[in-house]
Structures are given as structure tokens and as C-alpha cells.
Amino acid sequence: MVATAVQTVPAPHTPEPRWRPLENEGWLALVLLLPTLVLLGLFIAYPFVRGILLSVSSSRVGVPGEWVGFANFTRLLSDPIFYMVVRNTVWYTFITTIFKLALGLWLALLLNRNFRFKAFTRAFILLPFIIPTVLSTFAWKWMFDPTFSVLNWFIMKMCQWKVSFFGLFGIEPATSCVVQAQFNWLGDADLAMWAIIIVNIWRGVPFFAISLLAGLQTISPDLAEAAAIDGAKPLQRFWYITWPLLLPVTMVVVLFSVIQTFADFQIVYVMTGGGPANATHLFATYAYQMGVGTGLLSQGAAISLAMFPILFGIVIVQLLYIRRVETR
Amino acid sequence: MIEGAIWRKWVYFYLPLALFLLFLLFPFYWMVITTFRPDNELYIAWRRPNYAPFWTWNPTLDHIKFLFRETAFLTWLWNTMFIALCSTVISLFCGVLAGYALSRLNFPFAGSLGTMIFVTYLVPQTLLFIPLSDIIRNYRLGDTPWSLILTYPTFLIPFCTWLMMGFFKSIPKELEECARIDGASRLKAMFYIILPVAVPGILSAGIFAFTLSWNEFIYALVFLSSPEQKTVPVGVVSELIRGDVFFWGALMAGALLGSIPVAIAYSFFVEHYVSGLTGSVKG
Numbered sequence: 000m001v002a003t004a005v006q007t008v009p010a011p012h013t014p015e016p017r018w019r020p021l022e023n024e025g026w027l028a029l030v031l032l033l034p035t036l037v038l039l040g041l042f043i044a045y046p047f048v049r050g051i052l053l054s055v056s057s058s059r060v061g062v063p064g065e066w067v068g069f070a071n072f073t074r075l076l077s078d079p080i081f082y083m084v085v086r087n088t089v090w091y092t093f094i095t096t097i098f099k100l101a102l103g104l105w106l107a108l109l110l111n112r113n114f115r116f117k118a119f120t121r122a123f124i125l126l127p128f129i130i131p132t133v134l135s136t137f138a139w140k141w142m143f144d145p146t147f148s149v150l151n152w153f154i155m156k157m158c159q160w161k162v163s164f165f166g167l168f169g170i171e172p173a174t175s176c177v178v179q180a181q182f183n184w185l186g187d188a189d190l191a192m193w194a195i196i197i198v199n200i201w202r203g204v205p206f207f208a209i210s211l212l213a214g215l216q217t218i219s220p221d222l223a224e225a226a227a228i229d230g231a232k233p234l235q236r237f238w239y240i241t242w243p244l245l246l247p248v249t250m251v252v253v254l255f256s257v258i259q260t261f262a263d264f265q266i267v268y269v270m271t272g273g274g275p276a277n278a279t280h281l282f283a284t285y286a287y288q289m290g291v292g293t294g295l296l297s298q299g300a301a302i303s304l305a306m307f308p309i310l311f312g313i314v315i316v317q318l319l320y321i322r323r324v325e326t327r
Numbered sequence: 000m001i002e003g004a005i006w007r008k009w010v011y012f013y014l015p016l017a018l019f020l021l022f023l024l025f026p027f028y029w030m031v032i033t034t035f036r037p038d039n040e041l042y043i044a045w046r047r048p049n050y051a052p053f054w055t056w057n058p059t060l061d062h063i064k065f066l067f068r069e070t071a072f073l074t075w076l077w078n079t080m081f082i083a084l085c086s087t088v089i090s091l092f093c094g095v096l097a098g099y100a101l102s103r104l105n106f107p108f109a110g111s112l113g114t115m116i117f118v119t120y121l122v123p124q125t126l127l128f129i130p131l132s133d134i135i136r137n138y139r140l141g142d143t144p145w146s147l148i149l150t151y152p153t154f155l156i157p158f159c160t161w162l163m164m165g166f167f168k169s170i171p172k173e174l175e176e177c178a179r180i181d182g183a184s185r186l187k188a189m190f191y192i193i194l195p196v197a198v199p200g201i202l203s204a205g206i207f208a209f210t211l212s213w214n215e216f217i218y219a220l221v222f223l224s225s226p227e228q229k230t231v232p233v234g235v236v237s238e239l240i241r242g243d244v245f246f247w248g249a250l251m252a253g254a255l256l257g258s259i260p261v262a263i264a265y266s267f268f269v270e271h272y273v274s275g276l277t278g279s280v281k282g
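Chains as they are written, first to last, in numbering that gives the first Met the number 0: chain A, 0 to 327; chain B, 0 to 282.
Hints listed in this document are in silico derivations from the structure and should not be mistaken for laboratory results. Take every hint as true, because none was put in to throw you off.
Pairs of lysine to aspartate or glutamate residues, derived as DMTMM-like cross-links and limited to a Cα-Cα distance of at most 20 Å, are as follows:
| id | chain 1 | residue 1 | chain 2 | residue 2 |
| --- | --- | --- | --- | --- |
| 1 | B | Lys168 | A | Glu24 |
| 2 | A | Lys156 | A | Glu171 |
| 3 | A | Lys117 | B | Glu270 |
| 4 | B | Lys172 | A | Glu22 |
| 5 | A | Lys140 | B | Asp243 |
| 6 | A | Lys161 | A | Glu171 |
| 7 | B | Lys8 | A | Glu224 |
| 8 | B | Lys64 | B | Glu227 |
| 9 | A | Lys140 | B | Glu40 |
| 10 | A | Lys140 | A | Asp189 |
| 11 | A | Lys140 | B | Glu238 |
| 12 | B | Lys187 | B | Glu175 |
My request is simple: use the sequences and hints to build the entire structure.
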């Protein structure tokens, strides 16, 4: 045994100079980035090119089309529904963003205080953002049902309380409360738009609130305290200290939200499907109806792509803004 | 803080907070109560005097039973889970590697590649779903889970990469350099030194990616057609509505049960989720 042990002493190992490409930063980066680039190339860049090609041809489902130039786009320009779609989308994005920002900021300021069950409250507040949008939108659709709406019931109850209050002074209402509360939420063009706006605000407020709260927590309370000692009122402290410091976060959150809202699909698809009489169509739902519902692939692709210039503009603004903040 | 009398605190703080909570959580309460309410109570018009919306004395499991017996709900749950897990794993793998490369290595075009990935992060699914459906059909992936497992990473990878870049940047370079001086190769230093430190970031990215893919709707709606391939959101939309008839009880039961897995996942990782959410915005 001793003899064998002596014999197996290893010869001193001399490492051969190996070619080790992964020690070169450039090669290593290429290897690490390869899976990402392949997937994004196959399923983002290629579809994008394909989308442009589709939009200048006359394809339908199962029928490869031929080159038609900008016919799909010029047809959109003479399509009254398309104008309605543009107006709806802009209005929807504008009004929901205003409300989401205002309510989200308010909620963030409330949550920025210390109170019992704070962590708990914060966790629950995010639920509308976590739960699959389609599923929670169904809850809203059920709440907006014209025959069984709990909202109409609530409005009727409020009205009845009001009537019985005024009844004490001998004032009689002109119409009955049942009539006053008779809202056909999803059947009326204007009301349907508002219903969709409400659901979008409901879904978006938590995102705004939590992101802005994170921004608020980076602002040192000393600043507000110093201002308070100098005699600044709460509103002044907010306007001259908190708001300017929060502006970078606010900008990014708003731009993110604008992109998502502009390209929204799920809420409208579930709530109204674009109806009544196309009154609530957005770009995405109209593109879906054309491209998938009716099978006019090219027309649908053209409608989708019509979003692109606007989205592109927003992205440019965002990139410029981020660059400015970073170099400052 | 709010100074002054106690009523000011109630008016300016507790009341608004309570109203916010009511607004944000009421739909979920409505979902739950509808799930357990028998049909004969469910379909009472709001103007009838016996409309009692907020409670039921005759809770029933009929809607849930209907869901499991008459529809492929369990299959949908399983499909959604499988697709969400696979696409999360793929995206984490790609995103962590790409995030490491973009934040820690010097190579030509690093900056412009980073910007490109950020831009794809902002591409909404609704921009590309029509050409993608065409491509999926050509690859013969239509109506299979792979159509979603391969396409979901397109919106998950940019997000994971972006988040991980921010995270890697916060880890000091010296940590890695020590390992390199001790003779570790670049890959070894990355796997044994940097990745373990980055676990919280990976968890954040993972939980966020999981909820995003559980949430996804339009790709699943367009790419899948047979009932046994569908995910929960698509299955609920297409199988629980027959023409004009809405099975409201079963719909709400489906919505509730379809939300529970993602809510549980979220409740375990609230802090990670929040840091993922805020990190995804700040970068």
C-alpha cells in the first residue's frame, strides 16, 4: 500500500495556454445577450416588419394578399368609425390619466403617514393591479348590469334618503327615485364611455399611488420640517417642496401609464366589446374586430400600426427626459 | 402630520383613506358575494324591494361546482400556471444574463443596446398581435401553450433586464474584482459572487413577471382556440358566456378562483413585488 501511494504522486501540472473567449468582455457580452436578442428579434422585430408588410398588402385570414400600397391607410381616413376611435382613445387616455394622477397622488400622500396597519393597507391597495384585469373587469360589468346593478340600487337609496330628508320640510320630488336611478350604463354611448373610464381609473390608481409613494419616501422629511419652521402652510409645503422633488418620478409614471392606456384592450373588450354602435372602440379593440373578428388581417394591422407614431413620440419624450435627468 | 383638533385627522385622513379602500376593494367583495349567492337571489332586479345586495343567508357552492363539472376550469388553471411559470423562467434566465452584460461589461454598442431593450419594454402587446398571430400560424404553434411561452418573454425580458440592470449597478465592482484576483473566471465570478447577492432582485423580477403573464389576455385570446388549451382569463370570457346569456354566478366564481393563485403568490412576496413595481419605473 505504501509503495502504491508513493507511485501516484501527480506530476506538476502545467496549464496550457488556452483560448478563453469568455474572458473577453465583448465575447462574453455577446454570449450573455444572445438568448435575449434571439427572442426579441423573432417575436418583436420580425413581427414589426411583418406588420408593416401586412398593412401595405390585402391579406385576409388564409388568403395571402398582394401589394396595395397605402390603400389600407387611406381607407381609414375615410372611415367615420376610425375618427371616432381616434377621438375615443385620446379622450380616454387624457381623462383617465388626469384622474389616476390626482387620485394616486392623494392616496400616496395618505399612505406616506404613519398609522396602524399601514403595511397591510398598502398590500390590499395593490389588489386591483395584481388581479387579472379581465377577471376584475367582469366584476365591474356585473356591477354595471342594467337590471341587477348594485350601483343603480345605491343611487336609488341615496335619492330616497334625500327625498325623505326634504320631505321633512314638505318638499316633494318631481320624479320618483326609481326613474332617477335608471342608468343603462353599458347601453348608452356616453355612459358606457364613462363606465370604461371608471374601471381604468380603478385599475390604475394603485400603480400610481405605490410608485409615487416610493418617490415620496426618497424625499427627506427635514425639508418639509425646515419649511414648516419658516412658516410655510401645508399646501405651500406641498407645492414648493414635495411636488418639484417628486416631478421626475411623476413624469416617468405618467408616460408609462399613457402608453398602456393608449394601447388598452382588455377593459373595453370585456365591458362593451366596442359597442354600443362602436361608440367605445379604442385602437386595439377596433384592430381586433377588423383583424381577428372579420378576418381582414391587413386592415387590422394598419389600425394597430396607426398607434405607432403616437407611441413613438411618447417614447422619445421619455428617453429624452431620462437622459436629461441622468446627465444632470 | 396633520396638526390641530382630532376631527381634522378624521376628515383629512381616515375618511379619504376609507373611501379609497371602499372604491378599490368593493369589486372584490362583490365577486365573493356573487360567487356564493344562489341564482334565485342573484337575479332580483335592483328596483325590487327585496333586493338585498350585501349579504346572503343561503350561501351555495353551486356556481363553483358548475365551474368544475361543466367547464374545463381545472385545465385552464393548470395551463395558466404552466405557461406563466415557463415564461417567467425563460425571461428570468435571459433577463439576468442580459442585465449583467449591459450593466457590468464594457463592449461596443452597450449603450444603444440598453436603449433598444428599454424601447421594446414600452411596446404594448396590442401593437403587434395581428402580425404575431400570422407568424405563430406559420410556425405551426397556434393553439399550443408554446405560442404563449415563447411570446410572453417579449414583454417580460425587457422588464426583467431593466430591473436587473438597476440591481447589478448597485452591487460594488470590488466584490467581483476580489474573486477575479483570486483566480475566478468571469463566468465563475458572475455565478458564485454576483448572482447570490442579486437574489432579492431576481425574486422581484420573477414575482412581477409571474403576475404579468398570469394577467396577459390578448395574445392568449388570439393564439388559442380549443377549450382545453385556454388560460383562465380567456376560458372565462369565451366559455361562460353563451351568446347573450351570462352565467354570472359561475363567471364570478371563475374570476375569484382564477385570481386566488396570483393573489397568494403576491401575498408571499409583497415587498419584492413592490420593489419590482417601483424598480420597473425608476430603472
